[in-house]
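Whole structure, please, built from the sequences with the hints as guidance.
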Amino acid sequence: MVDTNKDDKLDLEIAKRLDDLFGEGDASSDKSKALKADDPTVNENKSPDQPPAPADEEIFELEDAVADETNAEHTSGAYPLAELKNMVLSIDWEITDEVLSGFLSQIDGLKNIYKNEKIILMFLQLLGSLGEYIKTNRGKAHPKTFKILNSVFARLEDVALAEDMPELEKKKLLKTEMSKYKQLRKQVAQKKANKVSRRQAKPIQKDKLRLRTPKKKSATPFDKVPTAAESYDTLAEAVEELKQFIHAELSVLKQELKMLKKSR
Amino acid sequence: MAFVNLKNKEIQVKIVYYGPGRGGKTTNLEYIYKRFRKRINTEMVTVKTHGDRTLFFDFLPFDIGVINGYDVKIQLYTVPGQVKYNATRRLVLRGVDGIVFVADAMAVRRDKNILSLKNLQENLANYKKSIFKIPCVMQYNKVDLSEQGIPLLPVEVLEKDLNDQLKRPSFKASALNGTNVVMTLKKIISMTVASIKRDLK
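Each protein sequence line maps, in turn, to chains A and B.
Taking this note's numbering, the leading residue of the first sequence gets 1, the next gets one more, and so forth.
Taking this note's numbering, the leading residue of the second sequence gets 1, the next gets one more, and so forth.
Don't read these hints as lab results, they were simulated from the structure.
Every value quoted in this text rests on a predicted model; they were computed, and no experiment measured them.
No farther apart than 27 Å at their CA atoms in a straight line, the calculated lysine-lysine pairs in the DSSO-like style are these: (1) B:Lys-73 x A:Lys-16; (2) B:Lys-133 x A:Lys-16; (3) B:Lys-118 x B:Lys-129; (4) A:Lys-182 x A:Lys-171.
As structure tokens, then:
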């Protein structure tokens, strides 16, 4: 009994402290308020660990959100770029055959829909080329590719949605994206050249890396505690990941510096 | 188990935001940092790649003051979500006290959420921790995307996929707009501190 009271006290104390720190109070008007408010949780009462819910939280109205989703499903049907947008967002974080095939076939379909609009067609061609490049190179594609893919799609949306946008403005947007694309192509070519020369200089580097980071797989999730050796392996793998990352980042930076020097 | 310094009467609580890549883990921390920076009086450490992805982890420490005679320090971490950085994720999970699983509510991410949750279970098991026992809050992020016509998974589907067995508190959220970011944080802190207190008994 005493313990329960103590637990309640602790819960209240934590809740009060968190309210002080993270209560909305004077905090500037939150964008979330535009997203409606009522019952904050979807399923908050499932855990027996929870303290009493504080009252002044930022909140979200579930029913309205569900209604929004339903409406969105209806409206997405009328918007020809909706599916392509999904595909762009998917490519942004994971590259699979399914997503890339879907992306490229969406582009083919849209080329038919917009066959009389030259500028939109050009945007679609740009996206198609980027898609093909990603399909070939996958995770090894230049990191900028994904930013440019998003940027080209965003401008395409601007052009396709703004009915009263002057032709000149549309051309300007296309030109900007085109130049980003061309710059990317140059950087990719440069990267390839660098890789070839590096391989020629250090042919056994990859094997060395493999030897340094042997991978061990635990048989089943719950059957053992990690040993010191395993911890070391994990650390070694993480360091290797970091090294590879830093290496990739540095080579991109080097290329950019070279480009900058050349442009001067 | 949290780091407890009996001499200084200090408890460090480690909370990790876990979930698939591009799900909004970093955005959660960024929102908390930007909005409450003055109150929590801290700095956020974040390392990003060229493509704006989390390289190692994000780290946001802050102090919530003295509770039950102990100075409680909270440390929020994110992990890199991309599949290939599992070793890094495993390292960040070392000594974790509470988890926020940030699921991506986009329909196209359904499988990735499930894979990421399984990956969390495996990585916790590596430290002999059970996903069924560790304090955990589910966050279904990106609900704001419905306004842009992007198909989202209904909450019932997300719950069935991810929370059917775990039965953890869950929130629909938009880390970008801040919707339910704070609710999620408050919930996980409360649950984790209560759990640590139970362990200390």
